[in-house]
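Here the protein sequences come in this chain order: U and G. Heads up: the first sequence begins at 1 in the numbering used here, then just goes up one per residue. Heads up: the second sequence begins at 242 in the numbering used here, then just goes up one per residue.
If you are wondering where the hints come from, they were derived from the structure by calculation, not from laboratory data. Treat the hints with care, as some may be off.
[To be verified] EDC-like mimics (lysine to aspartate or glutamate), calculated; alpha carbons at most 16 Å apart, straight line: (1) G/270 / G/299; (2) U/135 / U/146; (3) U/107 / U/71; (4) G/263 / G/284; (5) U/135 / G/274; (6) U/87 / U/71; (7) U/49 / U/71; (8) U/45 / U/71; (9) U/57 / U/84; (10) U/141 / G/306; (11) U/135 / G/292; (12) G/283 / U/14; (13) U/49 / U/84; (14) U/193 / G/292; (15) U/135 / G/306; (16) U/90 / U/40; (17) U/171 / U/203; (18) U/161 / U/71; (19) G/263 / G/306; (20) U/135 / U/59; (21) U/161 / G/306.
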Amino acid sequence: MTARILLITRPNHDLITSYLFHWSKLVIEEAEKKGIKVLDLQGNKATKKTFASYMKKHEATFIFFNGHGSETTITGHNNEILIEIDKNEKILAKKIIYARSCNAANKLGLSCIKHHALAFIGYRRKFAVGYNPSKITNPLKDEIAELFIEPSNLIPISLLKGNAVKKAYEKSQNAMWRNLMFMLSTKASPSQKDAAPYLWINEASPSTEAGGFFFRGCAIPQDAGRRLSRCTSGFVLQPLK
Amino acid sequence: MKTTKKQTNQSIDRKTQEDIKKLVISRIKATSDDFAISIGSKDCTKKQMLESVEIENELGQEIIETQMEYLRDMAKGAIYQQGNDS
């Protein structure tokens with residue numbers, strides 16, 4: 001299944017949202033190359049009112065949130081709540097959602113699936129990004145942030161290329177691990193090495209709890225549950241038909 | 242007064258916590274000045290990381306947990322295991 005309309009929120013009101021704002025542009029470019037229509041709620045357009053209006057007017061199949069979040073919310077410009085558990089997650093029914101927001105895969109992700117979202121990919125813990133303080137005016141040139149954000153960009157890019165959700169997730173995880181191995185190598189700069197523990201918390205967790213992973217009726221390789229259950233990124237999935 | 246087993250354990254726990262804090266502080270002191278981190282909605286430079294860990298505020302605790310989780314997983318080989326699973 002290929003997402004034909006991408007709706008992306010990318011607020012830009014503080015340092016981390018500024019980084020995600022700029023790096024998300026690469027996803028938009030990829031979508032445009034594929035001829036996919038992009039609805040770009042950037043900067044101060046990422047408000048609850050505009051988001052709700054776009055959701056109503058357009059049949060977006062893939063929703064990509066960038067911004068702060070919690071176990072129960074995903075926010076937009078100036079941390080205005082866009083989606084809140086038990087309030088308006090129903091509007092995400094029949095959508096594929098990737099929330100690059102802290103903690104949202106916990107309760108909100110599960111609730112979205114209960115309310116018939118096709119898939120929800122998000123983070124069960126805080127999303128960390130290492131950066132070089134001298135590059136904050138030019139985030140795309142930040143060689144530390146690149147190691148964190150580029151693998152997460154692979155999720156939407158893979159989906160836009162027509163990959164299934166599980167495949168997109170795995171590609172991202174593998175890219176993150178490759179970056180981690182680079183950071184541990186002699187090729188990495190000292191500051192890239194220093195960032196390794198923080199990339200690791202984006203990638204893995206000692207937690208063995210099964211919560212957060214929903215596979216309804218789709219075939220999953222035998223080891224997938226074990227591997228995914230170790231990941232920080234919450235992965236809530238329904239099969240794509 | 243006789244020291245109970247519980248008091249002894251608490252004392253060991255406090256000592257361990259102090260050692261962990263010292264270890265994390267040493268690791269942060271050794272980091273490059275060109276490195277900063279954003280965790281959730283909080284951004285911090287090396288100096289701010291040190292201050293946060295020192296006073297053990299929410300961000301400081303987050304940093305301590307992150308560093309310790311990384312070191313433990315490195316020691317267990319879990320980091321390399323992740324790659325073998327891929």
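Does the structure keep residue 49 of chain U and residue 84 of chain U at a Cα separation of 16 Å or less?
holds (14 Å)
Decide if the proposed pair is consistent with the structure: residue 45 of chain U and residue 71 of chain U, CA atoms, cutoff 16 Å inclusive.
Cα-Cα ~23 Å, so violated.
Taking only the CA atoms, is the gap from residue 135 of chain U to residue 292 of chain G under or equal to 16 Å?
violated (23 Å)
Mind checking the alpha carbons of residue 161 of chain U and residue 306 of chain G for me, to see if they're no more than 16 Å apart?
The hint is violated at about 37 Å.
Is residue 107 of chain U within 16 Å of residue 71 of chain U, Cα to Cα?
With a Cα-Cα distance of about 5 Å, the restraint between residue 107 of chain U and residue 71 of chain U holds, given a limit of 16 Å.
Does residue 135 of chain U pair with residue 146 of chain U here, judged by a C-alpha cut-off of 16 Å?
Distance of about 11 Å is within 16 Å: holds.
Take a quick look at whether residue 135 of chain U and residue 274 of chain G sit within 16 Å of each other, Cα to Cα.
The hint holds at about 13 Å.
Check whether the Cα positions of residue 270 of chain G and residue 299 of chain G lie no farther apart than 16 Å.
violated (19 Å)
Decide if the proposed pair is consistent with the structure: residue 90 of chain U and residue 40 of chain U, CA atoms, cutoff 16 Å inclusive.
violated (21 Å)
Agreement of residue 87 of chain U and residue 71 of chain U with the hint, judged by alpha carbon distance not exceeding 16 Å
Judged against 16 Å, a Cα distance of about 14 Å means the pair holds.
For the pair supplied as a hint, residue 141 of chain U and residue 306 of chain G, confirm whether the alpha-carbon distance does not exceed 16 Å.
Violated, because 29 Å separates the two Cα atoms, which is more than 16 Å.
Does residue 84 of chain U sit within 16 Å of residue 57 of chain U, going by the straight-line distance between their CA atoms?
At roughly 20 Å apart (the allowed maximum being 16 Å), residue 84 of chain U and residue 57 of chain U break the hint.
In this structure, the hints that do not hold are numbers 1, 4, 7, 8, 9, 10, 11, 14, 15, 16, 18, 20 and 21, in rising order.
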